[in-house]
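Listed in order, the protein sequences are those of chains A and B. One point on numbering: in my numbering, the residue at position 38 of the first sequence is 38, and numbering is uninterrupted. One point on numbering: in my numbering, the residue at position 167 of the second sequence is 443, and numbering is uninterrupted.
Derived by calculation from the structure, the hints in this document are not laboratory data. Fair warning: this is a prediction, and the values are worked out from it, not measured in the lab. Some hints here could point you the wrong way.
Pairwise CB distance ranges (calculated) [what the hints assert, rightly or not]:
#, chain 1, residue 1, chain 2, residue 2, range
1, B, Ala-416, A, Leu-57, 20 to 30 Å
2, A, Ala-170, B, Leu-278, 55 to 65 Å
3, A, Leu-46, B, Leu-490, 45 to 55 Å
Sample of chain B residues at the chain A side, in silico, Cβ under 10 Å [what the hints assert, rightly or not]:
#, residue
4, Leu-283
5, Thr-285
6, Ile-289
7, Leu-414
8, Leu-415
9, Ala-416
10, Val-436
11, Ser-442
12, Leu-446
13, Ala-451
14, Trp-481
15, Leu-490
16, Leu-491
17, Leu-493
18, Ala-499
19, Met-504
Positions of the beta carbon are idealized from the N, C-alpha and C atoms, including for glycine.
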Amino acid sequence: MSESEPRSSNDAAKPKSTEIATEQTASIGSAHTGSRASRTIGIAALVAVGLLAAFGLWISPPEVSQADAARLMYVHLPSIATMYLMFFITLVGSIIYLRNGSRFWDLLAGAAAEIGVVFNGLTLFSGAIWGKPTWGAYWTWDPRVTSTTVMFVMYIGYLAVRRLELPPEARSRRAAVLGILSFLNVIVVHYSVKWWRGLHQGQTIGIDTKLDGLMLTSLMIGFVAFALTGAWLLMHRFRIEWLQSQIGEVGLDQALAERRAEAAGYNPSDSVGGLA
Amino acid sequence: MLRDMWLITVKDIRIELASRVVAAQILPFGLLVLILFGMAISPDLAVVGPERRSVLEEIAPGLFWITVLLSSLMALGRSFAVESADGNLDAILMAGMDPAGVFLGKAGAVLAQMIAVEIVLGFGAFVVFGAPIDDPGLLAATVALATCSIALAGTLYASVGAGLRSRDTLVPLLALPVLAPVLLAATMATRDALFTDATVAGWPWAMLLAVFALLYLGVGMIAFGPLMEET
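Excised from the complex, chain B in its bound form (with noise of 0.2 Å):
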């Protein structure tokens, strides 16, 4: 199973390393999405507090998280629709590779592409939202938490669109109210790590994305094959 997980990661991060799609058009629409965000909301709006802080740094925390989430739908749709072609995911389970492993290999795909989208994504959001670091070690494993409950439920629900027309409408409708809960504790998390005077524990809620990534971890080893079966 590991064997066929890494034979899965390796072939899309292949497949992106040749085609360039995360790196030259889901990370420019996530930094688009940030800088949009600016537009929306105001940069000369400060918030009345002890820190005097601006609203879009007050709020870049679920400003990031959000910016994340449309991004790794756009990831997501893109690592099912490499395998659209000529019933790609068909031969992969018919080659005798073990549903779980291909669950996960797609979903290491995903949280690799994530993660370096993420860490670019976030240099921009420091620097046009301003927002200060307060905890470095809350923050990394905020973000890593967080990318794989994203990677894991997210190919979870887009393998359900798998192979269709309507992928690119229904993944997001599927994904979203799953991944809300994790938006919630990344946010809540990041604004902790953030902020020297935030009124959240990060920590708590950072278990939370753990156990999340965990349950969707086994569940998604359980359900991928059914869900595969007879496409």
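The shape of chain A in the complex, shown without the other chains (with noise of 0.2 Å):
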């Protein structure tokens, strides 16, 4: 999806205003959320992670160490990789925002935090059920975990500034220097907890770093998997957005409008002093 789009169709709205809804409803693009090239990302997506599931669950063979329970890596690592994708798609966004106000961006970076945070929650979840077998406890005060966790509510939070209940544009403005500032928290975060684990004791299990070569491929079957459908999430995410920001538009137009027919049939007799 392209910059220009929106805002040509944008543009394209205004000097209609004064027109009858429907043609302005054509005016602003389809009404669906889907494109061809959204089409055509799900179905790879689709493909994408029926191949992971091959890979992951049977093709692959078990871990030395770990056995079957290493196969949630080709879930948990992708989905790390997607979120932070999404998490700077959004510091991205808003930078951009703020330096021109583009409402692409500005949903853009919406979109991408509620993917974000989906997969954030999917990280939590997929590291809980792989703690439980390998070091024996969903939850560990290992810095990553910890850190993750706050992250997780700091983008709730975000999205939370999203659905304030102010002007569309001090609203954006707000979200964006919350967008910037999350991703700087997160650093923050991760390195002061970081060092508070290691004065203790450093939970240091991570993944062999050697990888038999089918292990490597569903891993790298698993990123394409995820990020595929993290794109494709977004891009029904965004053009949800993008819709709903017309409909106020366009709704402000038609009341207009409508307005503005009743006046053509005005009887001052009848009028409790509405619009006019």
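Combine both chains into one complex, guided by the hints.
Spelled out as structure tokens, the structure:
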């Protein structure tokens, strides 16, 4: 989806503001959230997820020390990567929005944060069910587990700001400032927690750096499958946000047009002093 | 900018002196939390170790800073509640005051009020938790730096909720994750300041607080203007 597309349709909607609503609905483009690009990515994501299931569950061999539990790696690591990718898009979108006020980047930042929170939740969940067989507990005070959880709450806060009862401009600006600060905070929280745990005992159970060829292939398929799924969700989520922001404008135009139509048949005796 | 800061700080402290919300509501709340911690965590549980401290004494640093954080959330809410009437904040900014100065002024007033609250809460914690004080210098530095961190970062995040009906529920959600490193560092440094046998080195944690405060000093001065525009 290019940046120019929503903008041009936005401009196209304005001159028609006095016309009736059906024409305006047509002017904001398709009312669906899908497009040829999103369908292509959606099908590719489905294929990749199917491949991931085949490789992750059957084709790749069990790991030496963790046996079948290591297969969670194919889900856990890709969800982390997709989460960071989404939060990075939020950061970039927020910076660009503050620079030029582009609604495209504002909405993209918000949509990406939402998808990022979903993958953040998946990261914590898959990490917990992986931690039980390998670490012996769903939760540990590992620096990464702790800081990822704080990050989860932080971006939920960001999403709360996007729903504030403010004028759209002010809300977007506050959200954009927060979108940048959140990324900064993730770094501060991560290092402070790491330092904290470093003083006690490091729970350093990482993934073996040497991965068997098939395992590496499975992991790569996982990254691709999750990235495609994230992109597909992002496109639809963005499109919903975009249509919602249009409803506000079109709704106002429609109400104005209706009032004008009423005014055409205006009768002072039954007016209760509405918009004229 | 410094003049604007001074004006705002003095204004907020005058409001407090006239209304006594911090002294008569937030401070008693903090003292109550200290007592409730004692009730929730039995004072009779002894910790096994050379010092045989009670559990309450052992975790007193963390309990104290949690209490400070909760009290500061109320003080931060109050700081922007006094501006919510008649679009006060808009008026201040439209009057040509420097946003960075306004930010520093609001943070300065919160800092002054929280230091006062912490001194009283500190005595309270000293009495009810019975922890000793090993290094008063480190303790004073920790309190000063942690309170600066809370006031600066807290004021920035409280301003996001300025003038909103959902302010009271939003600000804790936004501020607490950000203040988590402050809680961590302040608790570790306080442990070292209180206990002679503490296994942590306090000064590096105090330095982390200083870095955090400086970071939010800069970030707040830059970000406050854009945050407050067109509200």
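Okay, the hints, checked on the actual structure:
1. Range check, Ala-416 (chain B) to Leu-57 (chain A): Cβ separation about 59 Å, and the 20 to 30 Å hint is violated.
2. Checked against the hint of 55 to 65 Å, the pair Ala-170 (chain A) and Leu-278 (chain B) fails, with Cβ atoms roughly 28 Å apart.
3. In this structure, Leu-46 (chain A) and Leu-490 (chain B) meet the distance hint of 45 to 55 Å, their C-beta atoms being roughly 50 Å apart.
4. Interface restraint check: Leu-283 (chain B) against chain A, minimum CB-CB distance 25 Å, threshold 10 Å, status violated.
5. A cut of 10 Å between beta carbons decides the hint on Thr-285 (chain B): the least distance to chain A is about 23 Å, and the hint is violated.
6. The closest approach between the C-beta of Ile-289 (chain B) and any C-beta of chain A is roughly 27 Å, which is over the 10 Å cut-off, so the hint fails.
7. Violation of the interface hint for Leu-414 (chain B) is found here, the shortest Cβ-Cβ separation to chain A being roughly 16 Å, above the 10 Å cut-off.
8. With 10 Å as the threshold, the beta carbon of Leu-415 (chain B) stays out of range of chain A, its nearest partner Cβ sitting at about 19 Å, so the hint is violated.
9. Nearest Cβ of chain A to the Cβ of Ala-416 (chain B): about 22 Å, over the 10 Å cut. The hint is violated.
10. Hint status for Val-436 (chain B): holds, given a least beta-carbon distance of 5 Å to chain A, under 10 Å.
11. Taking 10 Å as the C-beta cut-off, the interface hint given for Ser-442 (chain B) holds, the closest approach to chain A being about 7 Å.
12. Satisfaction of the interface hint for Leu-446 (chain B) is found here, the shortest Cβ-Cβ separation to chain A being roughly 6 Å, below the 10 Å cut-off.
13. For Ala-451 (chain B), the shortest C-beta to C-beta distance to chain A is roughly 9 Å, which falls under 10 Å, so the interface hint holds.
14. The criterion of a C-beta within 10 Å of any C-beta in chain A is met by Trp-481 (chain B), whose closest approach is roughly 8 Å, and the hint holds.
15. Because the closest C-beta pair between Leu-490 (chain B) and chain A is about 12 Å apart, greater than 10 Å, the hint is violated.
16. The criterion of a C-beta within 10 Å of any C-beta in chain A is met by Leu-491 (chain B), whose closest approach is roughly 7 Å, and the hint holds.
17. Nearest Cβ of chain A to the Cβ of Leu-493 (chain B): about 14 Å, over the 10 Å cut. The hint is violated.
18. Annotation: Ala-499 (chain B) was flagged as interfacial toward chain A, and the flag holds, the nearest CB pair being 5 Å apart, inside 10 Å.
19. Hint on Met-504 (chain B) holds. Least Cβ distance to chain A is approximately 9 Å, under the 10 Å limit.
This entry does not satisfy hints 1, 2, 4, 5, 6, 7, 8, 9, 15 and 17, going by the numbered hints stated previously.
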